[in-house]
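Number of protein chains: 2
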Amino acid sequence: MPRYKLTIEYDGTNFVGWQRQDNGLSIQGAIESAAKGYCQIDALVQGAGRTDSGVHSLGQVAHVDLPRHDPPDIVAKALNAHLRPHPIVVVKAELVGDDFHARFSAIERGYEYRIQNRRARPALEMNRAWWVSARLDVDAMHRAAQCLVGRHDFSTFRAAVCQSSSPVKTLTEISVARHEDFVVLTTKARSFLHHQVRNIVGTLKLVGEGKWREDDVPKALAACDRTAGGPTAPSHGLYLTHVRYPDA
Amino acid sequence: MPRYKLTIEYDGTNFVGWQRQDNGLSIQGAIESAAKGYCQIDALVQGAGRTDSGVHSLGQVAHVDLPRHDPPDIVAKALNAHLRPHPIVVVKAELVGDDFHARFSAIERGYEYRIQNRRARPALEMNRAWWVSARLDVDAMHRAAQCLVGRHDFSTFRAAVCQSSSPVKTLTEISVARHEDFVVLTTKARSFLHHQVRNIVGTLKLVGEGKWREDDVPKALAACDRTAGGPTAPSHGLYLTHVRYPDA
Numbered sequence: 219m220p221r222y223k224l225t226i227e228y229d230g231t232n233f234v235g236w237q238r239q240d241n242g243l244s245i246q247g248a249i250e251s252a253a254k255g256y257c258q259i260d261a262l263v264q265g266a267g268r269t270d271s272g273v274h275s276l277g278q279v280a281h282v283d284l285p286r287h288d289p290p291d292i293v294a295k296a297l298n299a300h301l302r303p304h305p306i307v308v309v310k311a312e313l314v315g316d317d318f319h320a321r322f323s324a325i326e327r328g329y330e331y332r333i334q335n336r337r338a339r340p341a342l343e344m345n346r347a348w349w350v351s352a353r354l355d356v357d358a359m360h361r362a363a364q365c366l367v368g369r370h371d372f373s374t375f376r377a378a379v380c381q382s383s384s385p386v387k388t389l390t391e392i393s394v395a396r397h398e399d400f401v402v403l404t405t406k407a408r409s410f411l412h413h414q415v416r417n418i419v420g421t422l423k424l425v426g427e428g429k430w431r432e433d434d435v436p437k438a439l440a441a442c443d444r445t446a447g448g449p450t451a452p453s454h455g456l457y458l459t460h461v462r463y464p465d466a
Numbered sequence: 219m220p221r222y223k224l225t226i227e228y229d230g231t232n233f234v235g236w237q238r239q240d241n242g243l244s245i246q247g248a249i250e251s252a253a254k255g256y257c258q259i260d261a262l263v264q265g266a267g268r269t270d271s272g273v274h275s276l277g278q279v280a281h282v283d284l285p286r287h288d289p290p291d292i293v294a295k296a297l298n299a300h301l302r303p304h305p306i307v308v309v310k311a312e313l314v315g316d317d318f319h320a321r322f323s324a325i326e327r328g329y330e331y332r333i334q335n336r337r338a339r340p341a342l343e344m345n346r347a348w349w350v351s352a353r354l355d356v357d358a359m360h361r362a363a364q365c366l367v368g369r370h371d372f373s374t375f376r377a378a379v380c381q382s383s384s385p386v387k388t389l390t391e392i393s394v395a396r397h398e399d400f401v402v403l404t405t406k407a408r409s410f411l412h413h414q415v416r417n418i419v420g421t422l423k424l425v426g427e428g429k430w431r432e433d434d435v436p437k438a439l440a441a442c443d444r445t446a447g448g449p450t451a452p453s454h455g456l457y458l459t460h461v462r463y464p465d466a
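Top to bottom, those sequences are chains A and B. Going from the first sequence to this note's numbering is simple: count from 1 and add 218. Going from the second sequence to this note's numbering is simple: count from 1 and add 218.
A hint or two may mislead.
Which copy is meant is left open, so a pair is good if it fits within one copy or across any two.
[As the list claims (entries may be wrong)] Here are the simulated lysine-lysine pairs, DSBU-like style, with alpha carbons at most 30 Å apart:
#1 K295 - K437
#2 K254 - K387
#3 K429 - K310
#4 K254 - K295
Since the hints were made in silico from the structure, they are not lab data.
The shape of chain A in the complex, shown without the other chains (with noise of 0.2 Å):
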């Protein structure tokens, strides 16, 4: 059966995350539903990374075999149709071989999390930026964030259920930035730990807010400890940006 890459766009508001669960709706159920209206077969959705509930993708992506040899675009075009009304999208399909696998052959992952940093809660943002009301210190966050850059233990920054086999990751760049009432900080790396990057965003606020001196975040690093972390940023304000493989 062919072998098709998905880049896939989504508001993960109303699911239980990317992964398939017993207690209600998940992207790749959705897709795998969907799969199932346009072949008639049970296809297995294999994602690149498994978001959180509430949190959103603009590429994550999967792949799946289909018994049909349709041009990619088609293949995208009736995902989509069998979507609806959901607010999940297959932005492009591509034709793969079979030693593409979505979440193997990946060799960076970019995540990019919005603050919405105003007096006012979100209106047109609500489940789409974290709110902070207090003024941040965005240079001083983005300056504070720069230790985490390269291979480091980062079990500060696990969450308790992470499966991964290691705390070790190297994190190839991370940037905290202003626009407007936003802050936004982006991040990348070949890999991340579960909650790393929510769990990094919590604790960049407190230097945000003054309550942590930038130096806290390097001594919380190394203390390779969940402990010396700060709290978890909320899910709704992460989104998965893009999954890079070798070829492209």
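Guided by the hints, dock chain B onto chain A, whose structure is given.
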């Protein structure tokens, strides 16, 4: 009673529009209910523009007289507390004189119209942008729009139900630009006719698709006849961005 000027952001998706109506919840009605919850009076909230159902706002302005002498920030906070969980937020409250009228004192209104121009339907921008799948020629749309700048009889772009005393309006600015997958039209005038922006967008889209030539737009304008214009673009791509007053 002190008069407060309110700057209001909202997602118009699930409302019947700005204006109070019998057939469902309006933005105006929701804010009046919040004023009642805060001050226990039946206050009249007067808006600068009556946005249709589905139209969003980044900067609608309204005024309201309240029997409270609280600092404006407290007024905003109290109204926002009572507006929960609606996606309506008072971004700013200001104390103004009795001669301030949100509608009649306004000297400029600004609108933005967002088109998501890509093959796949919107997911994150569902209900927030008009989906047009065929690639639009944005430069042609921008050039064709320029004939609308200035004082004209806009009958071609006027809804049949429009209550304005005259079809003559002065458009001070209109531009169309691409931002990645989005085509954004921005326009400003002292005031607009009912559906004027949406009818202009529906017409310029025909130019963008190559179905109309650029010089068909001045001809349609000159016809002063609604049947000479293009179709009405859907409400959910429209945003009231700001309302300007003499002192601000």
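**Asked** Which numbered hints are broken by the structure, listed smallest first?
**Response** 1, 2
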